[in-house]
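S.K.: Line by line, the protein sequences give chains L and F. Note that the working numbering has the first sequence beginning at 1, numbered continuously upward. Note that the working numbering has the second sequence beginning at 1, numbered continuously upward.
These are computed hints drawn from the structure, not numbers from a lab. Any given hint might turn out to be false.
Said to hold, decoys possible - Here are the simulated SDA-like cross-link-like pairs (lysine to any residue), alpha carbons at most 25 Å apart as the crow flies:
#1 178(F) <-> 89(F)
#2 178(F) <-> 131(L)
#3 178(F) <-> 15(F)
#4 178(F) <-> 217(F)
#5 178(L) <-> 131(F)
#6 178(L) <-> 130(F)
#7 178(F) <-> 203(F)
#8 178(F) <-> 130(L)
Stated by the list, open to error - Chain F side only, calculated, beta carbon under 10 Å to chain L, not exhaustive:
#9 3
#10 58
#11 76
#12 81
#13 128
#14 150
Glycine included, each C-beta is placed from N, C-alpha and C at the ideal position.
Number of protein chains: 2
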Amino acid sequence: MRITTVGLDADDTLWHNETIFRLTQDRFRALMGEVAAPEELDARLAAVERRNLALYGYGVKGFTLSMIETAMELTGNEAPARLVADILAAGREMLAHPVEPLAGVDVALSRLAERYRLVLITKGDLLHQEQKLAASGLGDYFAAVEIVSEKDASTYARVFARHGTGAAEAAMCGNSMKSDILPALAAGAFAAHVPYPLIWAHEAADAPAGHARFAELASIADLPDWLGRLG
Amino acid sequence: MRITTVGLDADDTLWHNETIFRLTQDRFRALMGEVAAPEELDARLAAVERRNLALYGYGVKGFTLSMIETAMELTGNEAPARLVADILAAGREMLAHPVEPLAGVDVALSRLAERYRLVLITKGDLLHQEQKLAASGLGDYFAAVEIVSEKDASTYARVFARHGTGAAEAAMCGNSMKSDILPALAAGAFAAHVPYPLIWAHEAADAPAGHARFAELASIADLPDWLGRLG
Chain L
1 MRITTVGLDA
11 DDTLWHNETI
21 FRLTQDRFRA
31 LMGEVAAPEE
41 LDARLAAVER
51 RNLALYGYGV
61 KGFTLSMIET
71 AMELTGNEAP
81 ARLVADILAA
91 GREMLAHPVE
101 PLAGVDVALS
111 RLAERYRLVL
121 ITKGDLLHQE
131 QKLAASGLGD
141 YFAAVEIVSE
151 KDASTYARVF
161 ARHGTGAAEA
171 AMCGNSMKSD
181 ILPALAAGAF
191 AAHVPYPLIW
201 AHEAADAPAG
211 HARFAELASI
221 ADLPDWLGRL
231 G
Chain F
1 MRITTVGLDA
11 DDTLWHNETI
21 FRLTQDRFRA
31 LMGEVAAPEE
41 LDARLAAVER
51 RNLALYGYGV
61 KGFTLSMIET
71 AMELTGNEAP
81 ARLVADILAA
91 GREMLAHPVE
101 PLAGVDVALS
111 RLAERYRLVL
121 ITKGDLLHQE
131 QKLAASGLGD
141 YFAAVEIVSE
151 KDASTYARVF
161 ARHGTGAAEA
171 AMCGNSMKSD
181 ILPALAAGAF
191 AAHVPYPLIW
201 AHEAADAPAG
211 HARFAELASI
221 ADLPDWLGRL
231 G
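Only chain L is shown next, with the shape it has when bound in the complex:
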C-alpha cells in the first residue's frame, strides 16, 4: 500500500475561518443588542442558517443573507436604521478579510508536495475560496483544486479518482469530522483529523472508534510523518 495523493481541507485547516465567522457573529450581537438577547439571537440565526442551507449552500454570502433574515424576523421587519446596511458591510468585510495561514502549514505543505500529489478540497463560495487560496500564497503546492457543494463519500471517491490513483491510495486531512474525515474513510481513503479550536455547530460529529485508516493529529505539522509511516 502506498499513498500517492493527499487531499487537504482549506477553512480552519490551512487558514483561519471560523474565527472570522465568530467575530462577525459578535458584531451581529452588538448590532442587535436592542432587539434580542445574545442566546436568543444565536439560536435564531442557527435555525435560519439550517433552514437555508439546502438553498444557499456554504459560504459568506449565504451567511450574510441569513443574518439579514434573522434580523428581519426578530424586528418584525421593522429594522432600526442602518442595521441592514451594517450587516451588509460586515458580510463584505468577511469576503475581503486577509487570509491568515495557520502555524506550520507552509512548511508541512512544502514537505508533502515533494512526495505526494496535493489536492485542495473545500466547500464554500467558489469565487471566495479561489480568492483566499490566491491570497494565502499556498496555491503552488497544489496539483488541483476542487471546490465542491457537498463533501460526502462519493465526492472523495470522484476527486481522488480524477486527480490521483483512487481513494485507496489517498489520504484526507481536515478539521471537520463530519465533512473531512468520516466521508473520506467511507470512500476508502485514509484520514487525519487536525482539530481547530472552534467548530461550526453544523460540522460537529464524533470521532470514528478504533479505525485502522484514521489518526488524530495535534497539528498539520505531524501529517508528513504520519503519512510516511503508512508506507
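Fit chain F to the supplied structure of chain L, relying on the hints for placement.
M.R.: Just chain F now, with coordinates in the frame of chain L:
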C-alpha cells in the same frame, strides 16, 4: 482538423435564466415603487452590482445582496416594513425556480453526445448551478461539468485541456459574446454564438468580424450540423 470536445454554456444557452432575473427585477421595481422611479432604480442596482462583482461574483445570492444594498441606499437605510423580507423572499424564489430547458436543447445534446465529449462550462453559484443541472434532466449528456468563477481565455484553455484534447480541437457554444465566444476564440477554440432574446448588461459585446472559427447560429438545433461541416 477534427472536433473532439464541445463546451456548452448553461444559463440562457440550455435553459432560461435572464428571464427570471428580469421578472425579479420587475418585482423589485414594484416593491420600490414608493421610493424610486424604475429607471433610477435600474441604474442604481446596475451600479451596485458592478461595484460588488469582484467580491460577490456571479449568481443569485450576490444579486439578492445587491438588491438589498440598493434598497438601503435609496431609502437612506430607512426601508419600509417588509421590504427587505420581500427582497429576501424574491431571492429564495429565484434559487427554487423550476428549470426550463430552451426549445431544441434536449435533441441537440442527444445528437452532440453521440459524437463529441460534452462539457458544461458555466459561471454562477456552485450549488445553484449543480441543482439546476440536476433539475434540467440534461446531466447525463455531459462528460464533465466545470463551474468557474470567470470565463477568460485561460479558463477555456485549461478546461479543454483537462476534459478533451485541447482548445484547437474544441468548440464552445453559448449566448454571451463576452464570456462564451471571444475568450474561447482567443484560446484557439471554435465558437458558435446562439443569441438569447435578453442579455445582462454586463455580458454585452460585439461579434468578432469575419473570424474563421466563429459562427452565429439561430438555434442550438443548428449546432450539430455546423460542427459536422467542420470535419
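S.K.: All hints are to be evaluated individually against the structure, with a verdict given for each.
M.R.: For each hint, the structure was consulted:
no.: 1; hint: 178(F) <-> 89(F); result: violated, 31 Å
no.: 2; hint: 178(F) <-> 131(L); result: holds, 22 Å
no.: 3; hint: 178(F) <-> 15(F); result: holds, 19 Å
no.: 4; hint: 178(F) <-> 217(F); result: holds, 16 Å
no.: 5; hint: 178(L) <-> 131(F); result: holds, 22 Å
no.: 6; hint: 178(L) <-> 130(F); result: holds, 22 Å
no.: 7; hint: 178(F) <-> 203(F); result: holds, 6 Å
no.: 8; hint: 178(F) <-> 130(L); result: holds, 22 Å
no.: 9; hint: 3; result: violated, 23 Å
no.: 10; hint: 58; result: holds, 8 Å
no.: 11; hint: 76; result: holds, 8 Å
no.: 12; hint: 81; result: holds, 5 Å
no.: 13; hint: 128; result: holds, 8 Å
no.: 14; hint: 150; result: holds, 8 Å
Checked against the numbered hints above, the structure breaks hints 1, 9 and satisfies the rest.
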